[in-house]
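Undergrad: So the chains spell out like this:
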Amino acid sequence: MRLGFVVSEMFIGLRRNLSMTVSVVLVTMVSLFFFGAGLLVQQQVSILKGDWYDRVQVSVFLCGEESLAQNCPEGAVTAAQRDAIRTQLTTSPLVAQVFYESQADAYENFRETADESLVANITADQLPESFRVRLTDPERYEEIRAQMLGVPGVEDVPDDRKVLGPLFSALDAATLVALGLAALMLVCTVLLVSTTIRLTAFSRRRETSIMRLVGASRLLIQLPFVLEGVVATLLGAALASGALWALVEYGLGRVGDRPDFTTRLVGTQEVLTQAMPLMFAVGFLLAVVASLISLRRWLRI
Amino acid sequence: MITFEHVSKAYGEGHRPALAEVTLQIDKGEFVFLVGPSGSGKSTFLRLVLKEEKSTGGTVEVAGRDVGRLRSWKVPALRRQIGVVFQDFRLLHDKTVFENVAFALQVLGKPRHVVAQTVPEVLALVGLEGKEKRRPHELSGGEQQRVAIARAFVNRPALLLADEPTGNLDPTTSVGIMKLLDRINRTGTTIVMATHDDDMVDQMRKRVVELRDGRVVRDEDRGVYGSNR
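In the order they appear, the protein sequences are chains S and P.
Heads up: the first sequence begins at 4 in our numbering, then just goes up one per residue.
Heads up: the second sequence begins at 116 in our numbering, then just goes up one per residue.
Treat the hints as calculated values from the structure; they're not laboratory data.
All C-beta atoms, glycine included, are put in the ideal place defined by N, C-alpha and C.
Do not rely on the hints blindly, as some may be mistaken.
[To be verified] Not everything, but these chain P residues come out facing chain S in the computed CB check (under 10 Å): (1) Gly183; (2) Ser187; (3) Gly224.
[What the hints assert, rightly or not] Computed beta-carbon distance windows for the label pairs: (4) S:Thr276 with P:Arg184: 48 to 56 Å; (5) S:Arg19 with P:Trp188: 27 to 35 Å; (6) P:Pro286 with S:Leu194: 33 to 41 Å; (7) S:Arg201 with P:Lys294: 26 to 34 Å; (8) S:Val291 with P:Gly127: 28 to 36 Å; (9) S:Gly270 with P:Glu247: 14 to 22 Å; (10) S:Ala249 with P:Arg249: 50 to 58 Å; (11) S:Arg209 with P:Pro286: 57 to 65 Å; (12) P:Gly224 with S:Arg201: 21 to 29 Å; (13) P:Glu244 with S:Ala249: 22 to 30 Å; (14) S:Phe287 with P:Asp314: 57 to 65 Å.
Can you build the whole structure from these sequences, using the hints too?
TA: Given below as structure tokens:
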């Protein structure tokens, strides 16, 4: 009976301030959408980093017959140099595993991955032999690169990070922008919820004064107001989750389905397990905090 | 039922106190008129009893509780023992007569069957049978005040406070309301009524406490309103 009473009071309040309720729902939706999007971008960055680190093999290219580089003044790598490089690599604490890729192996790999028209114009001795090194700690890429660059017989140790760095920093910036917008919008939400509660409290002052007079407990008087805020923001969280899910499913999903796109993208799984629970939790917390602040001020016993 | 001992109430520094050193005892089952000009402290007296205000000095005791020292979460329990009626009725306009009275029971969590049984009883007591489904604006002022009294009395409080309950009503209607309050008083409920209605006070011949500038200047059993309005 009492619960029914609280719930019915809550719905009366939501209906009476319909326009305010709608605005709370929408503002919450937009802010939580940005919040969730920020979380997903962050998730994407860590997926990319993880993928890249998994794949990271430092390639130590050795000098070949036709190397023109100033790194190879003595022409092709000698067997002694090759053994010295191998020893240096296998004894380094940074290195987990070393694979040797001969010119023939390189040609095989090249034939598998490259265009046929290219393959036809390339012979095995045009491709460099190399050591492919897996690191114990992919973060210390730069150290092994610096160590190997000056060694005789090493032509080059290309830095993959030069390619991926800008991508990562762009994604990091996107995360910051999304989370910053989300923070701004969340502030708006708190203010809006507390204003709404203030208006509701004012429009229902007759009811609440009567409730006080007949001895209703503080909880019973205040709960409908808190629940109003919570219901509105949770509705906003649900809409935001739906929008985010749709974006990932139909927007990112379509990009990810293209055959030439090999990078794993965040999927609806991440929306469901990572973003949504946090969005709902933040929405709920927001409403409770905003209501407690405004009730303390506007609904004294 | 109500004991005031040297109670003072000042609203802010420098202002004339609304109540000054009021000492007064009202026993269980009494009917007391609180009279005096506007600003004499009648409403402040009632608000202190309800703990809508806190006294700035002295002790207020209501139904055996020291109201001044009552924790705020215990205030609702105090108010459940007190019914209140106002000059402006304070009914909920979007609720029917029945719902208005039921509201007082619902917020206390009374089960549905209790509400269904108690509300018609009280409405019969105040003389509103058959008007359960009306809304306040469809009723006369006297009828609206009866609804308010029904709501104040539906929990069978030990104490009923009335702040100028006949202030908005014509003399004939006022007599009806007075008779109703008298009938409620006879069930054992203590009634404290602040009023300006001199005819009524003179007719009823109940205890009269007169306040002036926050002080009790007269306290008579079976008194009259007096000359000073």
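Undergrad: It remains to establish, for every hint, whether it holds in the given structure.
TA: Here is how each hint holds up against the structure:
no. : hint                               : in the structure
1   : Gly183                             : violated (16 Å)
2   : Ser187                             : holds (6 Å)
3   : Gly224                             : holds (4 Å)
4   : S:Thr276 with P:Arg184: 48 to 56 Å : holds (53 Å)
5   : S:Arg19 with P:Trp188: 27 to 35 Å  : holds (28 Å)
6   : P:Pro286 with S:Leu194: 33 to 41 Å : violated (53 Å)
7   : S:Arg201 with P:Lys294: 26 to 34 Å : violated (43 Å)
8   : S:Val291 with P:Gly127: 28 to 36 Å : holds (35 Å)
9   : S:Gly270 with P:Glu247: 14 to 22 Å : violated (60 Å)
10  : S:Ala249 with P:Arg249: 50 to 58 Å : holds (51 Å)
11  : S:Arg209 with P:Pro286: 57 to 65 Å : violated (28 Å)
12  : P:Gly224 with S:Arg201: 21 to 29 Å : holds (27 Å)
13  : P:Glu244 with S:Ala249: 22 to 30 Å : violated (59 Å)
14  : S:Phe287 with P:Asp314: 57 to 65 Å : holds (60 Å)
Violated hints, listed in ascending order, are 1, 6, 7, 9, 11 and 13; each of the other numbered hints is respected by the structure.
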